[in-house]
Amino acid sequence: MTTTVSATAALALGDDALVLSHRLGEWAGHAPVLEEEVALANIALDLLGQARVLLSTAGDEDELAYLREERAFRNLQLVEQPNGDFAHTIARQLYFSTYQHLLYAGLAATDGPFADLAAKAVKEVAYHRDHAEQWTLRLGDGTETGHERMQRACTALWRFTGEMFQPVDGLDVDLAGMETAWLESVRAVLHRATLTVPEGPRTGAWSAGAGRQGVHTESFGRMLAEMQHLHRSHPGASW
Amino acid sequence: MVTTTTALESALLEIAGSVPDPELPVLTLQELGVLRAVHVRGAESVEVELTPTYTGCPAIEAMSLDIERVLHAHGMRDVTVRTVLRPAWSTDDITAEGRRKLREFGIAPPRVREASGPVPVSLGPTRTLEPVPCPHCGSTDTELLSRFSSTACKALRRCLACREPFDHFKEL
Numbered sequence: 001m002t003t004t005v006s007a008t009a010a011l012a013l014g015d016d017a018l019v020l021s022h023r024l025g026e027w028a029g030h031a032p033v034l035e036e037e038v039a040l041a042n043i044a045l046d047l048l049g050q051a052r053v054l055l056s057t058a059g060d061e062d063e064l065a066y067l068r069e070e071r072a073f074r075n076l077q078l079v080e081q082p083n084g085d086f087a088h089t090i091a092r093q094l095y096f097s098t099y100q101h102l103l104y105a106g107l108a109a110t111d112g113p114f115a116d117l118a119a120k121a122v123k124e125v126a127y128h129r130d131h132a133e134q135w136t137l138r139l140g141d142g143t144e145t146g147h148e149r150m151q152r153a154c155t156a157l158w159r160f161t162g163e164m165f166q167p168v169d170g171l172d173v174d175l176a177g178m179e180t181a182w183l184e185s186v187r188a189v190l191h192r193a194t195l196t197v198p199e200g201p202r203t204g205a206w207s208a209g210a211g212r213q214g215v216h217t218e219s220f221g222r223m224l225a226e227m228q229h230l231h232r233s234h235p236g237a238s239w
Numbered sequence: 001m002v003t004t005t006t007a008l009e010s011a012l013l014e015i016a017g018s019v020p021d022p023e024l025p026v027l028t029l030q031e032l033g034v035l036r037a038v039h040v041r042g043a044e045s046v047e048v049e050l051t052p053t054y055t056g057c058p059a060i061e062a063m064s065l066d067i068e069r070v071l072h073a074h075g076m077r078d079v080t081v082r083t084v085l086r087p088a089w090s091t092d093d094i095t096a097e098g099r100r101k102l103r104e105f106g107i108a109p110p111r112v113r114e115a116s117g118p119v120p121v122s123l124g125p126t127r128t129l130e131p132v133p134c135p136h137c138g139s140t141d142t143e144l145l146s147r148f149s150s151t152a153c154k155a156l157r158r159c160l161a162c163r164e165p166f167d168h169f170k171e172l
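Protein sequences appear in the order of chains A and B. Under the UniProt record's numbering, the very last position in the first sequence is 239; numbers go up by exactly one each time. Under the UniProt record's numbering, the very last position in the second sequence is 172; numbers go up by exactly one each time.
So that you can see chain B by itself, here it is in the shape it has in the complex (with noise of 0.2 angstroms):
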């Protein structure tokens, strides 16, 4: 079945899209790229599409909420919002402007990468990856304090030139 998205539903996605996240609300969901498509249904029918940043995240129901409340309030009396899982989100999906805030908020954003998948699992302290600058005075000399930080998304380091500690949206 071919589908093209209409004024309408761009409309409506970005209204949708201008929800911001419920755990880093300086992020809108447009800009978090967990917003996948929205489908009219019928006069006041629409279905949302959306997908979570990691499996297990418990701030997707807090968004799928959001989102119907939203519509509602635009005249949408029949919201449906579906969690969908391919293509799976990456880190990649936050828009620059999403990294930009990150930034400005005192997160490290995470590092586009040239392929997709899997991060490859290299043993030993030496990454391909190139270093995170730290978000508060932008020396790249940070080091890895925990994989895993406030939430699965992020990574804990510190910075060793002004020694604050600070999250790094990890990249996935």
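Same shape as in the complex, but just chain A (with noise of 0.2 angstroms):
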């Protein structure tokens, strides 16, 4: 009955969720108003308690989250990306709560080794991903300050996407038919919001990723160095 976890998968989903909770945290006392300060905590710390359970199926926790260096993450890159304004924080958030979304939902129907989470979670998703085509909305169609960041955002991010839909190991779960599913979402969400859909490339030349295998981009080992000084200078300390 017991199913054996693959570490790659468990790193590569745990990690998504720990790095894109940090960024998210990092908004702490920067939000534009109070219930947008609270909206992104609250998701960060979702994130935070699936990064949790996936990690610890990796190995130890703290020790993955606090000792390892740069290239040994597996997030995607699109979830180390600075915050940026409010928008590009949005456009983020759109993209990578849709694929995770869909990605949780097609877990929780396997009988593989993140069914359990995966149906816990997709819940708690379901929350971020409205959370983020609600302000979608809004900002795409609201002012033309609004428009003009939200596309920009929106824009900036597109070629970050495609590395979503690569194979991972020990992930069991239809990822064509899911970048299918996403593309038709993201598109729906963003004529409604009056926004341009990017039409640059999301994989190949131009595109970027490799975030699986270990590359990042420039603004994550600042971020890294960050997350991690205060465990790397007291370590074993506790509250």
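Worth flagging that the hints you see were computed from the coordinates, not collected in a lab. Computed from a predicted structure; not experimentally measured. Where is the CB? At the ideal position from N, CA and C, for every residue including glycine. Check before you lean on any hint, since a few could be wrong.
As the list claims (entries may be wrong) - Output of the computed footprint for chain B on chain A, the stretches with three or more beta carbons under 8 angstroms from beta carbons of chain B:
#1 30–39
#2 44–50
#3 106–120
Relying on the hints, combine the two individually framed chains into one complex.
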């Protein structure tokens, strides 16, 4: 009855959740309104909970989070992208939450090692996705400034979205079907938000994405330095 | 393996279930629906199955400690609290008494849904669920302020009749 958990897949999904959780946590004290500060922190907490379960199946959660070097992380490059302005954070969340929602829904339907977590987390992520979609509509179909910024963000992050559908060892889901559903959903939201669906490449030359292979973008090292420095400076410390 | 619940296990389940929720002390763990089972493993040894409301809910550690404490006090020397994820907790697991206490405490209880599973993501303001009545004045003329409130399990709403803001334990 025990299923062998693929450490590769657990690290990939766990690192996605951990890194995005940390990025969202950076908004604490900086969000445009109090309600959004609370919302982003709540989404970060959900992701952190998921990361803890996933990383614990791959090894010691603290060692994995705090003592790995940049090249050992397997998260998507999308989730490590800096917060930018609020529109940028929302575009990142729209792309990722749509993906994660489809992924967990797929995994929940399997009898694989991630089914239990996925069945639980898919309900949490439904709220993240809804939150991102509603903000995309509000910013895209709002003021001229909001529209411009939302368009800029959607376009800038587009090249990071192809990586989500590359195969990962131990991840038994229909990635091609997920990609079709993702494109359909994101396009529909952008249309409704009066935004233009970006036309740039999502895979191949001029696209980005080798996070799953441990290749990360420039800002990720700085993020890790901040995330890890306390644990590294005071090994074994507890509250 | 077929397991049956013994009288001792039922009694211990009731004791563990009487522990108040650390964040919403008006509710017990039994009313919140997070306590899954108690298995007696030996003369003074017991294993408790607890499920989190949200995967990242920080209250789960306090709940575990409280359960250990109360079962120790009832003569169980060796208490293990295990976190289980399946089947996933749903707000439908909150008992009728739990809902009543939430409302009395000023938190709009979650609406009971016909089908379990993920909340359907719909675009636009129209929602299929019935309106959320204000826990203070009972008016159904309320609006959503934020999908996330003081904790992940609540949304922030405002009553347009009595003008009071209130928390809504949102459906999961």
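Now for the hints, and whether the structure bears them out:
| no. | hint | result |
| --- | --- | --- |
| 1 | 30–39 | holds (count 4) |
| 2 | 44–50 | holds (count 6) |
| 3 | 106–120 | holds (count 5) |
Checked against the numbered hints above, the structure breaks none of them.
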